[in-house]
Amino acid sequence: MRRFEFVASESTASAVERLAREYGLTEQEVVEQFVELGLAELDSERTDARDGEPRP
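In this note's numbering, the protein residues as written are 273 to 328.
Hints should not be assumed to be uniformly reliable.
[Stated by the list, open to error] Ranges between beta-carbon positions, derived for each pair:
(1) R274 to E313: 18 to 24 Å
(2) G310 to E282: 18 to 24 Å
(3) S283 to L311: 18 to 24 Å
(4) A292 to D323: 34 to 40 Å
(5) S286 to A321: 32 to 38 Å
(6) R318 to S281: 27 to 33 Å
(7) F276 to R318: 17 to 23 Å
Note that these hints are calculated values from the structure, not bench results.
From the three backbone atoms N, C-alpha and C, an ideal C-beta is built for every residue, glycine too.
Hey, can you work out the whole structure from these sequences and the hints?
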């Protein structure tokens, strides 16, 4: 497994901590989910661009 470092602003760190508490997750799990969602969104945008369809 590879390791990455992410330095967050105070407001982003607070939001991650809040979400972790709210959903019973670790801060790392919250950040991992954000990364996964972001990568899925990028993949979706690339697929739409190849299909020639504009994104809503």
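Hint by hint, here is what the structure shows:
1. R274 to E313: 18 to 24 Å: At roughly 21 Å between Cβ atoms, E313 and R274 fall inside 18 to 24 Å, so the hint holds.
2. G310 to E282: 18 to 24 Å: Hint holds: Cβ distance 21 Å, inside 18 to 24 Å.
3. S283 to L311: 18 to 24 Å: Roughly 23 Å apart at Cβ, these two residues keep to the hinted range, so it holds.
4. A292 to D323: 34 to 40 Å: About 37 Å separates the Cβ atoms of A292 and D323, which means 34 to 40 Å holds.
5. S286 to A321: 32 to 38 Å: 35 Å, holds
6. R318 to S281: 27 to 33 Å: Holds, at about 28 Å.
7. F276 to R318: 17 to 23 Å: The hinted range 17 to 23 Å holds for F276 and R318, with Cβ atoms some 22 Å apart.
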